[in-house]
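Starting from the known structure of chain A, arrange chain B on it as the hints suggest.
2 protein chains.
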Amino acid sequence: MNVKDHRVVRIEEALKVFYQSINLNRLDVETLPLRDALGRVTASDVAAPIDIPQFNLSAVDGYAVLASDTFGASPANPAIFRIKELRDGFDSSLKSGEAAYVSTGSPIPVGSDAVVMLEYTRKIEQDIIEVYKAVSPGEDVSWRGEDVRKGEIALREGVRLKPQDLGMLASMGFTSVNVYRRPIVGIISTGSELVSLGSERTFGRVIDVNSIILSAMTIDYGGEPLPLGIVEDDFEKLRSTIRIGLAKSDVLVLTGGTSVGKADLTVEAIDSLGQPGIVVHGVAMRPGRPTALASIEGKPVMNLSGYPVAAMIGFYVFGKDLISRMLRTVDEPEPHVSAKVTRRILSPPGIRSYVRVNVSRRGLDLIAEPVRSTGSGIISSMVRMNGLLVIPEDVEGVDEGEVVEVVLMRPIRNLS
Amino acid sequence: MNVKDHRVVRIEEALKVFYQSINLNRLDVETLPLRDALGRVTASDVAAPIDIPQFNLSAVDGYAVLASDTFGASPANPAIFRIKELRDGFDSSLKSGEAAYVSTGSPIPVGSDAVVMLEYTRKIEQDIIEVYKAVSPGEDVSWRGEDVRKGEIALREGVRLKPQDLGMLASMGFTSVNVYRRPIVGIISTGSELVSLGSERTFGRVIDVNSIILSAMTIDYGGEPLPLGIVEDDFEKLRSTIRIGLAKSDVLVLTGGTSVGKADLTVEAIDSLGQPGIVVHGVAMRPGRPTALASIEGKPVMNLSGYPVAAMIGFYVFGKDLISRMLRTVDEPEPHVSAKVTRRILSPPGIRSYVRVNVSRRGLDLIAEPVRSTGSGIISSMVRMNGLLVIPEDVEGVDEGEVVEVVLMRPIRNLS
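Same order as they appear, the protein sequences are chains A and B.
Going by our numbering, the residue at position 116 of the first sequence is 124; the numbering climbs one at a time, nothing skipped.
Going by our numbering, the residue at position 106 of the second sequence is 114; the numbering climbs one at a time, nothing skipped.
Bear in mind the hints are in silico, worked out from the structure with no lab data behind them.
What you are looking at is a predicted structure, and each value in this text was computed from that prediction instead of being measured.
Be careful, since some hints might not be right.
You can't tell identical chains apart in this list, so a pair holds if it fits in one copy or across any two.
Said to hold, decoys possible - Derived pair list, reagent style DMTMM-like, types lysine to aspartate or glutamate, alpha-carbon separation capped at 20 Å:
id: 1; residue 1: Lys131; residue 2: Glu342
id: 2; residue 1: Lys158; residue 2: Glu208
id: 3; residue 1: Lys348; residue 2: Asp373
id: 4; residue 1: Lys328; residue 2: Asp135
id: 5; residue 1: Lys103; residue 2: Glu401
id: 6; residue 1: Lys131; residue 2: Asp272
So here's chain A without its partners, still in its complex pose (with noise of 0.2 Å):
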C-alpha cells in the first residue's frame, strides 16, 4: 500500500476504520490486594459470597427486642424488660420480655425484630429497663441481606474500581480482586534534533517532551507507559524499534515524522512492517491533522505529531478511548462549563478544531478566552490553559461572546 494514497478523514471515520482493523485481544487477568486496587478494571462480575449485611444489624444505640413486646407501651404505662448481656462474638438469641443492648451497627440477637432508641428507654435496676414507646417490627433495624443478597452481582465486569467498590468488596470478605492488567503502551520518538531529558545541552538540540506527556497521560488513561526511546529520522533505525515495540506493547505510539514534506519515514516504516499496515493517514482535525492509525497484524499503532499540543491532542482523541476498550471499560467522565467566548474563532468547515481556552470568572458569568500563541509547538499554551472548546466539523467558528461547552481540564483559578 503506498502510504500517500491515503485522504484526510473525519474523526468519525477514522475511528471506525482504526477500530476496525485492529483486534482488541482480552487482556490478562491479575490478583491485586483492595488496596492497590483503586482505578484499576474489574476482569470479572463479582457475586456476593455472603448477604450483606450478613447479618441483622440495629441502625442506633439502643436495645433489641420483641416488637410485639412492647405494643401498647407510652410513658405512663411503660413496658418492662428484663437486659440480657450479649456475649461477644456468639450467636445470642433473645426471648419474649428480654432486651439485649447493641450499638449502632451491631447485630441484634436472634429472636429480636426491632430497636428501641435508647432514649426511649430507661433502667430502673441493674438488669431492669423501662421502654417508652412501642416500635413495630423492623424498625431501626438493617435486615440481613438487604444490601446485597447472597449469590447477587455485586459488581460487573468492566468498572473501574472506586473507595465504594473497594467497600462492597472488603463488606463481602474479599481481601483481593481480579483487574485486567494495565494494557502497555509502548512510546516512541522520531527526530534526529531530540535528545532525552538529562541530556548536556548543546548547540541545536532538543528535548524530547512528547515521551513524558504520553507516558502520563497513558498513566492517567489506565494504561502502563513503556517508554522505548529517541529514534533518528533512520528508516531502518525506525523499522528495528517499531519491531521491538510491537513485540513489547499492546498499542505502539510514535511521535514526530508525519509530515507530508520529504521524511514520511515513520509512517513507511509502520507500513513496511505488516498488514494491513496503514489505515488513516491524515485526520481532519486541528491540531493533529498528520496523525496516521495502522494496524499491524491486528496490534494498533498510533503516529502523532511531533509537535506536543498535537501529539497530546491526538492521544486524547485516540489513545484515552482506546486504553478504555482495551480494559473492557468507558472513559471516566469530564467536567464540562458553559463559558462565553471572549472572541471570535473560526474554524475551517469539515475540520473538528480542539481550541486551548483559558476559562475564568467575570463577575456572575464564566468567559472563555482563546490562549494566545496557538502554535501546536507551544507547551507553555497547554499549562496556561484550564479548557478545550472543541469546535464541531459543521462549525465554522464562534462568534465573540458567543456561550459554548469547554471541557474543563484543571481548576477555574480566578475566582475573583
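Below, chain B without anything else, positioned relative to chain A:
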C-alpha cells in the same frame, strides 16, 4: 467543654468554624523525578532557566533561508540557493544565497530568518535548489523564547501536575520538581463490633470497610492514608490511639461513635486531648448529621459517621477541601450533568441533602433516578449510583420531572 453543648450547624458555618480553629502548616517539600510527579502539587513557582524554545526552530520540513533572498521569487522566476549542509549539533550559520535543509522542530541556522516549505523548492543540482515562492521574515519559524522567556514563571506554586506540566518542566531541562509531600491522613475506625479485613468470620463481627474506603478517597484527593486500625468502644483505648494518631498524621479521621446515644465516647475522647477540642458536633446535612470536627492544638480531627455512606459523604464534604488546602491548591473540577428527576425527593428545610442517584439516558434526555435503598449503611447504593444530587439548605426538595444538576461520579453506562 461539654461536647453535648454543640448545636447542629450548616455546612458553611461548620467549615468556617473548623478552618478558624486549625493551623494548616506548610507541608515539607520533596524533590521528585518528573516521571513520579504526576498529580503532585508544585511547592514553588518555577522560573524558566532558558528561553523556550531554546533556539529558533523550523515549523515545517523545508529550507532555512534569509527571507529577503526570496523576495520576488515565483515559479516563473525562481530564486537560486546553494545548499549548506548543517553540521549536526553545531552552531552553524548561513549567509545570503545559502539554504539549509531543516526538518520540523529542528533549529534553523544563525543568519536565517524563515523557512521555505519543501513543496515550494526543487533540487536542480546536488547542492543547488530553486525556490518558487517568496517568504516573509519569520515565516514557519518558532522564535527562541516565544513559548517562555528565560526568567519568566512557567509554572506556579500550588499546581497539581498534569502531563503537559511535566512536559513544560522537561522542555526547560528540569529532570525533577519540588512538590509538597502528601498530607498524612490518619484513619481510625471505632466500634466494638468491627473486625479488620481478612479476619475470620465470627457471628456478630462486622468487617471494617470505612478504613478501606477512606484510604482510597485520601489517595484520590492527593493525601497519603495511614490506617491506624480499629478501636473498641473504650474511652482510654480511644484516647491512646487518638494520641498516637495525632503524632503521626497531619489530619486525623475517625469513624463511628458519633451518635447521640449512650456512647458518644469518640467525640469525648477527642475533646479531652487538647484545645480547643471539638468545635462542631452535628452538621445540617443528610447523611452525615452526627459529623464532629475538632482541632487539637491546631491539628484537624474529624469524627465521621460509622455508616459507610455517611462517612464517604462526610469525607467528600470536609476531607477533600481540607487536603487541597493543606497542599495549597484547589479541588479538581468535577463533572456535572443536567438530568430530569424521576420522582419527587424531599429534603428538610435548613438541611443540605446528598441524594444518591443513577443517571441514565432516556431517548435524548438524561434522567436521574434516586437509588432505592437510601439507608446510609447500604454500600451497594454507592456502587450502583453514578451521581450525587446536592439539594441546598434553602430548597425543600425537587419535584418529579424537575431538571437538576448532578455531580457525575462515574460514567453513564446505558447509552441505549
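Now for the hints, and whether the structure bears them out:
| no. | hint | in the structure |
| --- | --- | --- |
| 1 | Lys131 / Glu342 | neither (56 Å within a copy, 50 Å between copies) |
| 2 | Lys158 / Glu208 | between (62 Å within a copy, 18 Å between copies) |
| 3 | Lys348 / Asp373 | within (8 Å within a copy, 24 Å between copies) |
| 4 | Lys328 / Asp135 | neither (65 Å within a copy, 46 Å between copies) |
| 5 | Lys103 / Glu401 | neither (74 Å within a copy, 45 Å between copies) |
| 6 | Lys131 / Asp272 | between (88 Å within a copy, 18 Å between copies) |
Hints 1, 4, 5, counting from the list given before, are not met by this structure.
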